[in-house]
Structure formats: C-alpha cells, structure tokens
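Student: Top to bottom, those sequences are chains A and B.
When the letters of the first sequence are read in order and numbered with full-length UniProt numbering, they come out as residues 1 to 391.
When the letters of the second sequence are read in order and numbered with full-length UniProt numbering, they come out as residues 1 to 391.
Treat the hints with care, as some may be off.
Pairs count within a copy or across copies, as identical chains cannot be separated in the list.
To be verified - No more than 30 Å apart at the CA atoms, straight line, and that leaves these computed lysine-lysine pairs for DSBU-like:
1) Lys242 <-> Lys232
2) Lys210 <-> Lys232
3) Lys5 <-> Lys317
4) Lys55 <-> Lys42
5) Lys313 <-> Lys112
6) Lys242 <-> Lys372
7) Lys159 <-> Lys232
8) Lys159 <-> Lys231
9) Lys112 <-> Lys159
10) Lys2 <-> Lys373
11) Lys172 <-> Lys356
12) Lys112 <-> Lys2
13) Lys319 <-> Lys54
14) Lys34 <-> Lys321
15) Lys325 <-> Lys221
16) Lys375 <-> Lys2
17) Lys2 <-> Lys249
18) Lys221 <-> Lys38
19) Lys295 <-> Lys373
20) Lys317 <-> Lys2
21) Lys313 <-> Lys5
Hints are computed from structural coordinates only; laboratory data are not their basis.
These numbers come from a predicted model, not from an experiment.
Protein chains: 2
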Amino acid sequence: MKNLKLGIFGFGCVGQGLYHVLQQSNSINSEIVKICIKDLNKPRSLEAAYFTDKKDDLLQNEGIDVIVELIDDAEAAFEIVSTAMNNGKSVVSANKKMIAEHLEELLELQEKNNVSLLYEASCCASIPIIRNLEEYYDNDLLSSLEGIFNGSTNFILSKLIAGGQTYDEVLKEAQDLGFAESDPTLDVEGIDPKYKLCILLFHAFGLVAKPDDVFNYGISKINDFDIDYAKKRGLTIKLISKCRREGDKIEAYCLPTFIPIGSVLSQTSNEYNAVVLESAFSESQLLYGKGAGDKPTGSAVLSDISALNHDYKYEYKKKAKNEGKFELCENFDMRLYVRYNGSSPDFNDFESIEEKYQSDRGNFLVGTIKLKKLKNSRWLKDSTINTIVLN
Amino acid sequence: MKNLKLGIFGFGCVGQGLYHVLQQSNSINSEIVKICIKDLNKPRSLEAAYFTDKKDDLLQNEGIDVIVELIDDAEAAFEIVSTAMNNGKSVVSANKKMIAEHLEELLELQEKNNVSLLYEASCCASIPIIRNLEEYYDNDLLSSLEGIFNGSTNFILSKLIAGGQTYDEVLKEAQDLGFAESDPTLDVEGIDPKYKLCILLFHAFGLVAKPDDVFNYGISKINDFDIDYAKKRGLTIKLISKCRREGDKIEAYCLPTFIPIGSVLSQTSNEYNAVVLESAFSESQLLYGKGAGDKPTGSAVLSDISALNHDYKYEYKKKAKNEGKFELCENFDMRLYVRYNGSSPDFNDFESIEEKYQSDRGNFLVGTIKLKKLKNSRWLKDSTINTIVLN
Numbered sequence: 001m002k003n004l005k006l007g008i009f010g011f012g013c014v015g016q017g018l019y020h021v022l023q024q025s026n027s028i029n030s031e032i033v034k035i036c037i038k039d040l041n042k043p044r045s046l047e048a049a050y051f052t053d054k055k056d057d058l059l060q061n062e063g064i065d066v067i068v069e070l071i072d073d074a075e076a077a078f079e080i081v082s083t084a085m086n087n088g089k090s091v092v093s094a095n096k097k098m099i100a101e102h103l104e105e106l107l108e109l110q111e112k113n114n115v116s117l118l119y120e121a122s123c124c125a126s127i128p129i130i131r132n133l134e135e136y137y138d139n140d141l142l143s144s145l146e147g148i149f150n151g152s153t154n155f156i157l158s159k160l161i162a163g164g165q166t167y168d169e170v171l172k173e174a175q176d177l178g179f180a181e182s183d184p185t186l187d188v189e190g191i192d193p194k195y196k197l198c199i200l201l202f203h204a205f206g207l208v209a210k211p212d213d214v215f216n217y218g219i220s221k222i223n224d225f226d227i228d229y230a231k232k233r234g235l236t237i238k239l240i241s242k243c244r245r246e247g248d249k250i251e252a253y254c255l256p257t258f259i260p261i262g263s264v265l266s267q268t269s270n271e272y273n274a275v276v277l278e279s280a281f282s283e284s285q286l287l288y289g290k291g292a293g294d295k296p297t298g299s300a301v302l303s304d305i306s307a308l309n310h311d312y313k314y315e316y317k318k319k320a321k322n323e324g325k326f327e328l329c330e331n332f333d334m335r336l337y338v339r340y341n342g343s344s345p346d347f348n349d350f351e352s353i354e355e356k357y358q359s360d361r362g363n364f365l366v367g368t369i370k371l372k373k374l375k376n377s378r379w380l381k382d383s384t385i386n387t388i389v390l391n
Numbered sequence: 001m002k003n004l005k006l007g008i009f010g011f012g013c014v015g016q017g018l019y020h021v022l023q024q025s026n027s028i029n030s031e032i033v034k035i036c037i038k039d040l041n042k043p044r045s046l047e048a049a050y051f052t053d054k055k056d057d058l059l060q061n062e063g064i065d066v067i068v069e070l071i072d073d074a075e076a077a078f079e080i081v082s083t084a085m086n087n088g089k090s091v092v093s094a095n096k097k098m099i100a101e102h103l104e105e106l107l108e109l110q111e112k113n114n115v116s117l118l119y120e121a122s123c124c125a126s127i128p129i130i131r132n133l134e135e136y137y138d139n140d141l142l143s144s145l146e147g148i149f150n151g152s153t154n155f156i157l158s159k160l161i162a163g164g165q166t167y168d169e170v171l172k173e174a175q176d177l178g179f180a181e182s183d184p185t186l187d188v189e190g191i192d193p194k195y196k197l198c199i200l201l202f203h204a205f206g207l208v209a210k211p212d213d214v215f216n217y218g219i220s221k222i223n224d225f226d227i228d229y230a231k232k233r234g235l236t237i238k239l240i241s242k243c244r245r246e247g248d249k250i251e252a253y254c255l256p257t258f259i260p261i262g263s264v265l266s267q268t269s270n271e272y273n274a275v276v277l278e279s280a281f282s283e284s285q286l287l288y289g290k291g292a293g294d295k296p297t298g299s300a301v302l303s304d305i306s307a308l309n310h311d312y313k314y315e316y317k318k319k320a321k322n323e324g325k326f327e328l329c330e331n332f333d334m335r336l337y338v339r340y341n342g343s344s345p346d347f348n349d350f351e352s353i354e355e356k357y358q359s360d361r362g363n364f365l366v367g368t369i370k371l372k373k374l375k376n377s378r379w380l381k382d383s384t385i386n387t388i389v390l391n
C-alpha cells in the first residue's frame, strides 16, 4: 500500500468533498499536498499554504505522485494531464471531452511514461461502468451497450413528458436548478453524452472513434405532438446513447428514442443515469446511479485514487486484441419516427415506409432508414422536422 | 493468454450453454476436456468420449487446469472443490451454500495451493456484485449493501401483491413454472438469500459470518391483512437481505421489508435481483439483472473462466485489512410492523411502540426493537404472528 501524495487542479465542491473524505478514510492512504486554483484571493476552507495559482507548483513538484484534474476547460486539462504524465505522475480525471478527443494520445502517454490514467468519473459519474467494462466484460462476449448518459437532458425530458410546461420553460427551470449550463448546447444536442459514448465504445470493444465520427441528434425540437404520440402508445422519450456490434461492424449513435413505459430505462428519471449491457447468453444487466453532480463525481474520483493505491491501470485488453478488427458502420437499418409540419422529409431516403399520418396538427411517418442516409439528409436540419428512434 | 483446459462437474443447461459459447468465443481461450456426470446412460448432445462418471478422471487429470463445479449438493461440491484445489487446479463454482458455509477453509485452500477460486455466479447470478466489491469498492468507503437476492420469493411476492391468489396458489404456480423447488423452504424462509448475504458481507467488509449467526425470517406467513397494510400506504413487500456498518459494528439480516412503490427496489420484479450499495458521499448505486436461471448463471461462470485466463484471483484485501476489526452486532434498533391475530407479541420486548391497531380482521403494532430481542423472542415463531421491517 502506497501513501500517495496528491496535487489537485480545481477546488470546487468535488475537490472539497475529496479533502474531507480522505481525512476520514483509513484505507485510501493518500493526502493532498497542493491545490492549483485560478483565484488565490477567494476565501477557502483550508489554510492558504495548500493553494497556488501556478501549475508548475504541482506539475514539477517531485513530492506529488498523482495529479487529480477537476477543471472544465478540455484543452487546458489536456495540457495539464499530458505534462503530468510526461513528468512521471499518474492522473485521475473527470474530463469526458478531453478523454474522448485525445484517447490515442493519452494511451501513448501512459505507455511511454509507464503511468496510469484513470477516468471513471468521466462517464456517468457514480456508475462504475468503465471499470466493469475493463475487468468484468474483458472478453468478446459483450454485444451491446446503451443507456442514459446525460442528467440535464434526462431532467428536461422527464419534466416535458410530465406535461404542463414548454421546452423553453423546462430548460429555464433546469438552468435555475443548476442541472443545465447557461449554454445548454452540449447537453441538449447530445454532444456531452456522445463524448461518454466514445469513451465507452473504446472500453467495450477496443474501437477508437472520434466524436466527430459518431452521430448525435438532440432533444431541442421535441414538441407536444411528439409527446402525444408517445403517451398514446405507452411510450416515453429518452436521449439514448447506444453502441452495438454485429460481426466486425459497430453502430454507434446518440438519438432521442421512444422507450416503453415500465422498462428500466423508462424509470431512470431526472439526474439519474443508467447503462444496459447485453452479453453472451443474451441476458441484460443494468447499472444505475446518479450521473452528475459533485458527490457522484467525487465518489468515482475517490475510487480511482483508491485504485491507484494498488497500482491499478486500465489494461485496454480489447484494444490489443481487436486492433484493426472492428469498424464503425453507418449501414445499419434504423426504425424511425419522423414528424414534420412544414416541409417533408425526402421519402426516397427511406428503405421502406410503414406508416404515414397527416393532420392539421402535424404529420408523421414511421419508416426504416440507413444511419448514413439519415446523417447526410438535408431535411434533418429543418427546424420543423423532428426524428425519434422507434425500436 | 492461457489456453485453459476445463473439467466440468454437472452437464445441465448451464454446462451445455457454456460448451456452445466457448466454441464461439475467440477471446475466452478455453476448451472443455472432460465432463463428470451421474448417469452415463442418459442421451447427451456431445460425443460419449467427453463424459465420465468417475470424479478422479477430472480431479486427478493433469491435462485439466480448471474445475467448473455446477452440482447442487453442497457437501459433495465441497469435496470436489477442495480436492481440485489440493491438486493444484483453479475452480469456478456457483454453489452459494458451499461457499457460505466453508468460506475460511476455502480461503486457506487457495492460499496453501496458490490457486484461484471464483464464484461470481453464487450471488445474484448475472449481477457482477462480487467482482465490484473486490475491485471497485476495495476500500473502506462502503457503508451498506442491501437488495433482493432471491428470485423465487420475489416472484411469489410480486404475484401475491398483484392480488387474487393465496400464498399456497402462488407457491404452486412458482413451482409449476420451475421458479421454486418442490421443497421451497430454503427460498421462502430466507435461507438461500442468507447464504448470498454471508458471501457478500465478506467481500463488502472482510467479515466472515457463519450462516447460523445471521438472522433470517421468511415470507410464508404474509397474508391479505399485511398486503392491505402495504397497499394503503403506497408500499410493497420485498424479501430484503441487508448489511450495514456503523463504526466497527455490522448488522446483517434477511427479512421481509416494506418498500415504497416507485423506488428501484420496488420495481425489481419476478426473477430479477437488485443490489443497492451506499458508499462515501452517501450516494446510492444499483446493480440489476436476472438473479436465477441457466443463462444468467452461465454468464457469470463464463466471466469467471474468462478472468482465469488472465490469472485473476480475489485478493480479499478487506479481510487482510480488517482482520478482527468488525463484528456482527445484534444491538441495532429495527423499526417493525408486527401483525397478530391470536396471541400477542410480548410488548416488553420493544424499546418503544408508536402505534397499536385492533380490529376483527387483525391487530398490528409498529414499534422499535433490538434485533437480538426479536431473534430470541418466543412469539416470533407463532404461526398467527408475522413481522415486516418498516424503514
């Protein structure tokens, strides 16, 4: 058992909670040596000697073994994390954007410097999904992984479906409660959950996918007509991130999806996240917990620090084994609901159309389309057209 | 990566499923060499050369690295497993009774012979709870673990609450569907989930508890009055196994418990199992999946075989760290509902009584009692008295 000396970047609620839990824990034999913050003048709960505003007081400090990176800015985080690793320090990070965008470089940095980078908190906060993919599903038995990876949109959708409020009202409430950012684009357009999907895709199948190569479609165009459609059919709407393997092809996307009421995913409300895994013997398993917030994030960061005490590293067994084997594929058929009010979607884009409905309130079709066609269609960007996956 | 040679005891559905998945998997580099069965004359799906009815054809076979034990009889299983380990073979087992009753001997056998014994399938089948306790919750941050660990009783309770059938009718249906044994005692009296609780107690806190030392109380006395009580209050009833740490004391029991409708445990129906963990930062996490049946059991056995390919062993870190630190304690207060029709419970056993209700249909009280007093009370065994935990 090591006695790890930690240097922390960022001292918000997560950092402060970490400090208190480490004080109380006997088994996580670690102590905070130095904390790098932006504003040295802000009042702090610890004595001033802990704090610095100079990165190098941590990164060049030989008395620090592990850097815990808890800042927002992905590019600044990447510079901190890569410098730390090049200086022989292991790293714990919660920065999904940074991890998803720099996956290959981060792998090389770990290997070159023989250090460990853990980032359990980056995906679904308190849910230990990365560790389970690395350790328990460390073979080729996994066939699919899907779930609700974003608390803000899940809160918004839960409220919208409950009824009585418009999208804009619900979004404002989410922002007031701190569940959504003042610029909600990353959440509501499905970009934040896509970062997580890219990370999980890698740990599930060993496939490195750039966020730009994975399709995302958000929830901002969902209206009353769509919600009525769901309710009349015993469905609800969730923003689902999904990856699935068929042979050597893998499909991956993040799209709003109709989910039967009563299923476990339908019961994942508000800030909760859920991950459903399908593996050999085709039985599904669920991991469920809070997917955002200081405490859930803190608990994952703590578990990573605890693991570093035992010299834990991700082994990336699947990458080694599957090198070059799998590829992202956009040739999968998807069953879609498309609602349109003004202009129509191009019906020729569809493999087949099972239903068409027209009324004064709105029109919809239900049909099958290749992901590639959907992604490249012009009509998808039309503000009066919305689409939702229908399984 | 090894190429493991497997010897299997028992060739029911789990064994047969294993054979087929191993044939298809590229990453679980293992093959079945020999299978020991009771009845050589029964028709089998594989060629006769695979089969033997002599234990030693597997146990003394130097061409076999790993014994997979899939038989029912706990004592016969213990002899097989201990002989295998003494002969330098690693073992995968799904036998909860055998593991729970022989925990310390099994630890010694692993250490003495430098072999690995894995038994993920013994607790909640497909839910990877042991691995998560060993690897992710490998520190002192866990404060409690509770859940639904028995599919038969969960099926019976789901049906009973749905209404329209008596306990005996529902039990018979469960037996007809294969969800309950012809002698249902182990399930309905809470003994089977108690075995699992003992195993999880060990992996959660490092405490070895004999099944006899953990209190269990079943579901066979639940009647319409109890169900009405639940329904009127927005509650359902689940057979909950629970362990919780407070300082160096640990309480552990398996008892029917009122659960608010809408909570995740209330939504765990039929053959599903669920485990809720509470850890530092007091956030709760849930693992959910099928807890019984051939396929869920097979998936856990497969994951153990896959792990043996990477020389995985349980490290039992918490046992080493907490040696002699924790003890089972029966001095915790429990809030109970006690329903009585004929004779009364001894009111003096209670620390306090908040409510008493009397009617022609039945009487109940709600009060607080120490587990020790409850366990030793005479009235608890009275067939006209039933008790359910009320949190």
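Student: Confirm or reject each hint.
Tutor: Tested hints:
With identical chains, the CA atoms of lysine 242 and lysine 232 are at most 30 Å apart within one copy only, with a shortest distance of 25 Å there and 40 Å across copies. Taking the closest pair of Cα atoms, lysine 210 and lysine 232 never come within 30 Å of each other, the shortest separation being 38 Å inside a single copy and 53 Å across copies. Taking the closest pair of Cα atoms, lysine 5 and lysine 317 come within 30 Å of each other both inside a single copy (29 Å) and across two copies (22 Å). In the homo-oligomer, the alpha carbons of lysine 55 and lysine 42 lie at most 30 Å apart inside one protomer (18 Å), although the nearest pairing across protomers, at 72 Å, exceeds that limit.
In this homomeric assembly, lysine 313 and lysine 112 come within 30 Å of each other (Cα to Cα) both inside a single copy, at 14 Å, and across copies, at 28 Å. Only within a single protomer do lysine 242 and lysine 372 lie at most 30 Å apart by alpha-carbon distance; the minimum there is 16 Å, versus 49 Å between protomers. Taking the shortest Cα distances, lysine 159 and lysine 232 sit within 30 Å of each other both inside one copy (17 Å) and across copies (27 Å). With identical chains, the CA atoms of lysine 159 and lysine 231 are at most 30 Å apart both within one copy (14 Å) and between copies (27 Å).
Neither within a single protomer nor between protomers do lysine 112 and lysine 159 lie at most 30 Å apart by alpha-carbon distance, with minima of 48 Å and 58 Å respectively. In this assembly of identical chains, lysine 2 and lysine 373 lie within 30 Å of each other by CA distance neither inside one copy nor across copies; the values are 54 Å within and 44 Å between. In this assembly of identical chains, lysine 172 and lysine 356 lie within 30 Å of each other by CA distance neither inside one copy nor across copies; the values are 34 Å within and 48 Å between. Taking CA atoms no more than 30 Å apart as the test, lysine 112 paired with lysine 2 passes in both settings, with 22 Å inside one copy and 27 Å between copies.
Proximity of lysine 319 to lysine 54 under the C-alpha cut-off of 30 Å is found in neither arrangement, the shortest distances being 36 Å within a copy and 42 Å between copies. Proximity of lysine 34 and lysine 321 under a CA criterion of 30 Å is satisfied inter-copy only: 28 Å between copies versus 39 Å inside one chain copy. Taking identical chains as interchangeable, the C-alpha atoms of lysine 325 and lysine 221 are never at most 30 Å apart, the minima being 37 Å within one chain and 57 Å between chains. In this assembly of identical chains, lysine 375 and lysine 2 lie within 30 Å of each other by CA distance neither inside one copy nor across copies; the values are 50 Å within and 43 Å between.
Taking the shortest alpha-carbon separations for lysine 2 and lysine 249, only the inter-copy value of 27 Å comes in at or below 30 Å, while the best intra-copy value is 43 Å. In this assembly of identical chains, lysine 221 and lysine 38 lie within 30 Å of each other by CA distance neither inside one copy nor across copies; the values are 38 Å within and 63 Å between. Taking the shortest Cα distances, lysine 295 and lysine 373 never come within 30 Å of each other, neither inside one copy (41 Å) nor across copies (37 Å). In this assembly of identical chains, lysine 317 and lysine 2 lie within 30 Å of each other by CA distance both inside one copy and across copies; the values are 25 Å within and 14 Å between.
Within a single copy, lysine 313 and lysine 5 get their C-alpha atoms as close as 18 Å, and across copies as close as 28 Å, so both meet the 30 Å cut-off.
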